[in-house]
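This is what each chain is made of:
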Amino acid sequence: MMNNNQAAYDRAITVFSPDGRLYQVEYAREAVKRGTTAVGIKCQEGVVLIVDKRINSRLLEANSIEKIFRIDEHIGVASSGLVGDARALVDRARIEAQINRVTYDEPIDVETLSKKLGDHMQTYTQFGGARPYGTALLITGISDGQFRLFETDPSGTLLEYKATGIGTGRPAVMKLFEEEYTFECTISEAIALGLKALHEATEGKFDVNTVEIGVITQKEGEFRKMSREEVASYIEQQQ
Amino acid sequence: MMNNNQAAYDRAITVFSPDGRLYQVEYAREAVKRGTTAVGIKCQEGVVLIVDKRINSRLLEANSIEKIFRIDEHIGVASSGLVGDARALVDRARIEAQINRVTYDEPIDVETLSKKLGDHMQTYTQFGGARPYGTALLITGISDGQFRLFETDPSGTLLEYKATGIGTGRPAVMKLFEEEYTFECTISEAIALGLKALHEATEGKFDVNTVEIGVITQKEGEFRKMSREEVASYIEQQQ
Amino acid sequence: MMNNNQAAYDRAITVFSPDGRLYQVEYAREAVKRGTTAVGIKCQEGVVLIVDKRINSRLLEANSIEKIFRIDEHIGVASSGLVGDARALVDRARIEAQINRVTYDEPIDVETLSKKLGDHMQTYTQFGGARPYGTALLITGISDGQFRLFETDPSGTLLEYKATGIGTGRPAVMKLFEEEYTFECTISEAIALGLKALHEATEGKFDVNTVEIGVITQKEGEFRKMSREEVASYIEQQQ
Amino acid sequence: MMNNNQAAYDRAITVFSPDGRLYQVEYAREAVKRGTTAVGIKCQEGVVLIVDKRINSRLLEANSIEKIFRIDEHIGVASSGLVGDARALVDRARIEAQINRVTYDEPIDVETLSKKLGDHMQTYTQFGGARPYGTALLITGISDGQFRLFETDPSGTLLEYKATGIGTGRPAVMKLFEEEYTFECTISEAIALGLKALHEATEGKFDVNTVEIGVITQKEGEFRKMSREEVASYIEQQQ
Amino acid sequence: MMNNNQAAYDRAITVFSPDGRLYQVEYAREAVKRGTTAVGIKCQEGVVLIVDKRINSRLLEANSIEKIFRIDEHIGVASSGLVGDARALVDRARIEAQINRVTYDEPIDVETLSKKLGDHMQTYTQFGGARPYGTALLITGISDGQFRLFETDPSGTLLEYKATGIGTGRPAVMKLFEEEYTFECTISEAIALGLKALHEATEGKFDVNTVEIGVITQKEGEFRKMSREEVASYIEQQQ
Amino acid sequence: MMNNNQAAYDRAITVFSPDGRLYQVEYAREAVKRGTTAVGIKCQEGVVLIVDKRINSRLLEANSIEKIFRIDEHIGVASSGLVGDARALVDRARIEAQINRVTYDEPIDVETLSKKLGDHMQTYTQFGGARPYGTALLITGISDGQFRLFETDPSGTLLEYKATGIGTGRPAVMKLFEEEYTFECTISEAIALGLKALHEATEGKFDVNTVEIGVITQKEGEFRKMSREEVASYIEQQQ
Amino acid sequence: MMNNNQAAYDRAITVFSPDGRLYQVEYAREAVKRGTTAVGIKCQEGVVLIVDKRINSRLLEANSIEKIFRIDEHIGVASSGLVGDARALVDRARIEAQINRVTYDEPIDVETLSKKLGDHMQTYTQFGGARPYGTALLITGISDGQFRLFETDPSGTLLEYKATGIGTGRPAVMKLFEEEYTFECTISEAIALGLKALHEATEGKFDVNTVEIGVITQKEGEFRKMSREEVASYIEQQQ
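Protein chains in written order, with the numbering used here: chain A, 195 to 433; chain B, 195 to 433; chain C, 195 to 433; chain D, 195 to 433; chain E, 195 to 433; chain F, 195 to 433; chain G, 195 to 433.
Misleading hints may appear alongside valid ones.
Said to hold, decoys possible - The calculated DSS-like cross-link candidates involving lysine-lysine, where the alpha carbons are at most 25 Å apart (straight line), are: (1) G:369 - G:399; (2) C:310 - E:419; (3) E:309 - G:399.
Everything labelled a hint here was simulated from the structure, so no lab data went into it.
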């Protein structure tokens with residue numbers, strides 16, 4: 195699957211391959227592909243992030259495993275890939291948001307924050323002495339009354355989506371969204387679509403303990419993580 | 195057991211393998227798997243940490259070998275893996291706890307401390323010039339009236355458990371806990387379960403000299419290491 | 195295709211090959227050749243930049259993908275190659291432009307800015323510890339009443355063109371321009387030529403969602419990105 | 195004796211082997227195993243350190259070769275392994291002891307000093323750019339009326355012993371101690387046991403010129419190196 | 195053409211080959227040999243620099259390609275080799291000239307400036323972490339009423355010539371100069387000789403668009419680049 | 195003579211071999227073994243250093259070649275091995291001696307100075323980025339009325355001798371000293387023994403031009419290098 | 195000519211070979227052996243330095259090529275080997291001489307300056323990140339009424355000669371000097387001997403354009419380079 199030429203150029207981020215690729219960045223993307231599935235869906239009423247926490251032991255404190263993080267009142271993030279790396283990026287995002295509030299006395303723009311994170315990740319693909327982040331993020335929030343939904347990847351590339359997925363289940367999720375997604379729906383319908391996507395991505399192996407949902411709506415105006423009860427009721431409706 | 199492809203990517207923490215793995219971090223986990231067994235159990239009344247010190251010479255001062263450390267009044271830690279690395283992490287934990295007291299005049303939150311340690315360990319998986327820590331920790335304590343029990347690993351990943359084990363005996367311990375653990379028990383019953391797990395993990399090779407127990411209970415409110423007499427009485431009851 | 199001698203000298207930017215080449219810089223150019231196509235055309239009335247954004251999913255927010263950037267009132271840039279690298283260079287360009295305004299109270303000269311970017315990129319081809327930028331830029335603008343159109347490449351080389359193209363479609367674009375380009379035309383005719391070039395470069399796979407156009411004209415005096423409506427009308431005329 | 199897999203992971207302290215070992219630290223231990231034999235024995239009356247200086251030329255000034263060092267009034271150290279490394283650690287120990295006296299106006303705790311040395315040695319097993327210390331130390335002294343006897347090794351691990359040995363003769367020494375050691379003896383009996391151990395370890399090749407003895411007793415309260423006359427009388431009794 | 199011994203010593207500037215050569219410096223010279231041809235000729239009336247800009251597309255803005263640079267009123271430079279490297283050296287030369295004016299309130303001596311550039315280039319042949327400059331310069335100017343013409347190469351060696359050439363065409367140019375050059379001629383005759391040399395070096399492939407000429411004469415006292423009209427008239431005379 | 199295993203561990207001082215050796219330090223000792231022979235002899239009346247300067251051309255200024263150096267009034271040094279390294283160590287020794295005089299207003303203790311040099315040399319065996327010193331020193335002098343004679347080697351090990359030799363001739367010198375040396379002799383007899391040793395070590399190839407002698411005696415109280423006349427008279431007596 | 199063992203140890207100055215050699219330093223000496231020939235001769239009346247500039251093109255400004263440099267009024271230097279390296283060392287020598295004048299208000303001692311240069315060159319043989327200097331120097335001058343003539347080499351070794359030569363012609367030069375040199379001669383006779391040596395070393399290929407001569411005599415008291423006329427008259431006498 196890997197030829198000899200590839201092997202010669204894939205041990206350092208400071209080395210291009212003869213066809214202009216950065217293999218270490220591509221390998222970091224593999225770490226994301228092995229990660230838990232997370233989806234983000236934008237609709238008329240707001241944006242929803244849903245993740246599968248992939249919990250497989252009753253000894254774990256399910257609600258202590260976080261894959262969705264509130265960054266600021268108006269911004270939330272879902273992650274997939276290396277857990278420690280994600281936490282480091284989330285910490286950075288929170289600090290950037292606080293700096294903005296302290297400096298300008300106003301919430302940070304969602305796109306500005308996303309670019310700052312992307313720029314930071316790009317740095318780790320150009321300079322030696324470290325490795326790229328093995329993590330992708332879905333960044334959502336509201337700025338100037340507009341809902342935004344960005345996806346970063348280990349190269350520092352930033353894409354804005356209407357609906358997207360990261361992690362192991364991405365192919366299944368994207369296939370479903372291409373077919374069924376529509377912007378004109380309620381937040382409840384968006385959650386239903388997201389759970390359906392997660393259901394396919396995990397072959398149905400999820401329940402109220404392993405699903406985490408975060409939402410931001412026009413009505414509420416703030417990003418919040420849903421309570422166990424809310425999640426349970428959505429899963430019930432789903433089945 | 196190891197193929198050639200693996201060999202090409204496993205000499206530095208700054209290099210991903212083509213399938214997105216960080217072999218050096220996985221190898222550091224092997225150092226933990228070779229370590230002494232430690233278990234942590236949370237119950238209604240509090241949390242208990244029990245370790246096997248694996249002492250095999252009468253010339254050793256048994257009580258000088260520490261695998262359980264009091265970090266602050268309300269926090270204790272058990273370690274497995276490289277001994278020197280564990281001591282370095284324990285030192286760091288104690289300093290973080292003291293800084294918190296000096297800065298905010300209040301005890302550090304158990305989760306905050308755990309994250310700080312995890313973030314520190316993550317750094318050693320992303321930047322060159324050093325190796326990851328070859329140590330796992332069980333961190334327990336009480337914050338806001340809640341008992342917490344975290345487990346770190348060399349990647350900086352942080353998981354919260356109801357009951358867990360690290361080191362050589364982890365598979366045996368986890369198997370027993372999955373079957374027999376219940377939150378609804380007294381601290382004495384938790385200790386009994388922990389000793390039973392240790393018994394299986396060590397094939398019965400332990401006695402009062404080689405077992406160390408640390409507890410924190412609602413009643414006492416502080417983390418403390420048990421006296422030799424207490425440990426002896428629990429081991430007796432066990433048999 | 196690659197012989198053994200090449201392989202020995204192509205892993206570091208600090209190493210010349212026996213025939214005096216810097217392979218890593220040449221490989222970085224390959225990253226540009228894999229990038230989306232961008233064209234720049236200068237005419238009597240002004241300069242136009244046109245890019246193909248290569249969008250292939252309806253889930254993407256097309257207008258959030260930027261390949262054309264306004265740097266200052268009088269300067270715009272189009273990029274091809276690694277997306278994260280391009281953003282880093284655009285950030286740098288904007289800061290240089292702002293510094294000039296703050297320091298001298300006047301807009302930065304287009305050539306001065308282009309040289310600053312080229313010098314910066316050259317640095318990454320001479321010093322170890324990082325890799326060259328995998329990005330080419332078209333930089334256009336007006337200084338002293340003159341329209342300028344520069345092209346940078348990963349080596350830091352700077353060339354000024356009347357009409358040029360970067361990215362995958364460059365060979366097709368240049369062939370067309372050599373045959374059909376003339377300075378004596380209106381800005382509308384220049385856009386038509388650019389779209390024709392893009393049509394050939396992408397084998398016709400583009401529409402209003404995937405094309406981005408930026409212009410600066412004598413009449414308007416400022417660089418601006420065209421609205422979706424404007425782009426649509428030009429594409430219509432094209433067909 | 196060494197397989198290929200080992201060879202791939204044993205050239206740097208910043209690299210774990212696939213089974214979680216740090217070969218460079220293990221190799222540093224070999225330097226200790228090639229060192230001169232040193233023993234330490236704790237008894238009711240105090241602690242004794244005895245070393246074989248392995249002198250084999252009449253041209254050497256025997257009493258200038260030091261393997262036992264007084265660190266502070268109440269602390270002494272015996273070393274085995276690389277001589278230059280040992281001197282560097284002894285210098286460090288003396289400075290730490292002085293700092294403690296200057297800062298707190300009291301003698302440094304034996305365990306505190308031992309941990310400081312162990313922490314320092316651990317650092318050299320985690321960070322690149324240097325090698326681990328090729329030296330083991332026996333650290334003894336009195337704190338709060340208690341006699342302590344610690345052993346460090348190149349990994350920074352710290353163990354407290356009742357009786358122990360380091361260097362070439364360790365296996366012979368430990369075998370003897372396991373069989374014959376008892377805490378309930380006089381300091382003279384402890385010295386006799388230590389000389390017996392050294393006799394076995396060196397196959398009898400030692401005399402008053404090559405043996406160095408350091409003691410700290412309840413009666414004297416200070417660590418001191420024995421005079422040539424004292425050593426001679428103990429060796430005589432021995433034979 | 196290259197034997198195995200060479201290959202072993204040619205990857206770093208900090209490594210001598212067994213026969214005392216620095217291959218990386220020699221390879222950098224190859225980059226110069228692949229560069230465009232530039233000639234410099236000194237005569238009674240002054241000095242002339244002539245370069246072939248090797249332009250092969252009508253889309254390029256010919257007059258934007260600079261191979262001759264005015265450094266200060268009395269100093270000019272022609273370059274061959276890596277374009278980005280040349281620009282970096284020209285920037286440095288201009289700054290050195292300005293520093294001299296600011297510090298001593300007089301123009302920098304041509305030889306002093308040449309040595310400063312040569313010293314700077316030498317540094318890149320002795321210290322690791324960077325590569326030598328892949329550029330040669332012809333530096334000309336007037337100091338104390340004397341015309342000077344220096345040539346630098348990647349090793350930092352500095353030679354003063356009456357007439358010389360760098361780049362691809364050097365062998366043809368030097369052959370012609372050895373045969374036909376004379377100091378006793380007018381500046382026009384010097385230009386004619388230079389164009390003849392360029393004609394041979396490029397096999398006649400040059401015209402007014404691709405030739406750049408710089409001169410400094412006793413009469414004018416300043417270095418200046420010739421206008422397109424002047425260049426055209428000299429080329430006409432040539433043919 | 196060298197097996198494959200050795201070759202794998204002998205290129206860096208920061209790498210132990212599997213049997214706990216530092217090959218680079220051992221190789222540095224080989225540089226000493228190739229050096230000129232120097233001997234040091236202590237007797238009742240003082241200490242003498244004698245070196246063979248190995249001069250083989252009448253064009254050399256024999257008395258400009260120094261292998262014996264006066265460090266301070268009361269301390270002298272003889273060197274063998276890499277000449278440049280020796281000079282660097284001698285410079286360091288002189289500075290240490292001066293610092294001591296300036297700081298404490300008294301001459302530096304011979305042992306203190308020797309340890310400082312040994313510590314400095316040890317550093318070069320533990321940290322990367324440099325190589326060990328390829329030099330051995332004989333350090334002699336008087337402190338507190340006692341004559342001392344120390345020998346350093348590239349590992350930083352420090353040994354005190356009654357009589358010793360370094361360099362090519364060491365085996366021959368040591369053999370002679372083991373047989374014939376006695377402390378109870380005059381300084382003249384010590385010089386005679388030293389010259390005899392040098393005679394054997396050099397197979398008689400030395401004369402007044404190539405021998406250098408330094409002495410410190412109780413009577414004189416200072417270290418001094420002998421005049422050509424003195425040396426000549428001792429050599430004459432010798433033959 | 196080179197065996198495999200050598201190849202393994204000759205790529206870095208920080209690595210000794212198993213027989214204690216520093217191959218990179220030896221290779222740097224090869225660069226000197228490929229350099230132009232320079233000779234230095236001391237006689238009753240003073241010292242003379244003579245070099246062959248090896249000029250082989252009439253286009254070169256012969257008198258701009260310097261191989262003999264005046265460092266201070268009383269000190270001159272001749273170089274052989276890498277030209278850029280020599281210039282760097284000459285710059286350093288001039289600065290050291292100036293510092294001495296500024297600090298102590300007197301000319302620097304010839305031996306002091308030579309040692310400073312040798313120490314500087316030694317540094318480049320012990321620390322990584324750079325290569326040794328590929329240059330040898332003859333340093334001459336007068337201090338305290340004495341003429342001195344030192345020779346440095348890439349290892350930093352410093353030797354004082356009555357007469358010596360460096361560069362390609364050294365073997366021929368030294369052979370002649372061993373046979374014919376005498377201190378008791380006039381400066382003119384010394385120059386005649388030097389030219390005879392150069393004649394043999396270059397097989398007679400030199401004339402007034404390619405020979406450079408520097409002298410310092412008791413009568414003049416200063417080092418100066420001879421004028422073209424003086425050199426011509428000596429060469430004439432020679433033939």
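Here's how the hints hold up against the structure:
With a C-alpha separation of about 19 Å, the suggested pairing of residue 369 (chain G) with residue 399 (chain G) holds against the 25 Å cut-off. For the hint pairing residue 310 (chain C) with residue 419 (chain E), the CA-to-CA distance comes to about 23 Å; that is within 25 Å, so the pair holds. As the CA atoms of residue 309 (chain E) and residue 399 (chain G) are separated by approximately 29 Å, the hinted pair breaks the 25 Å bound.
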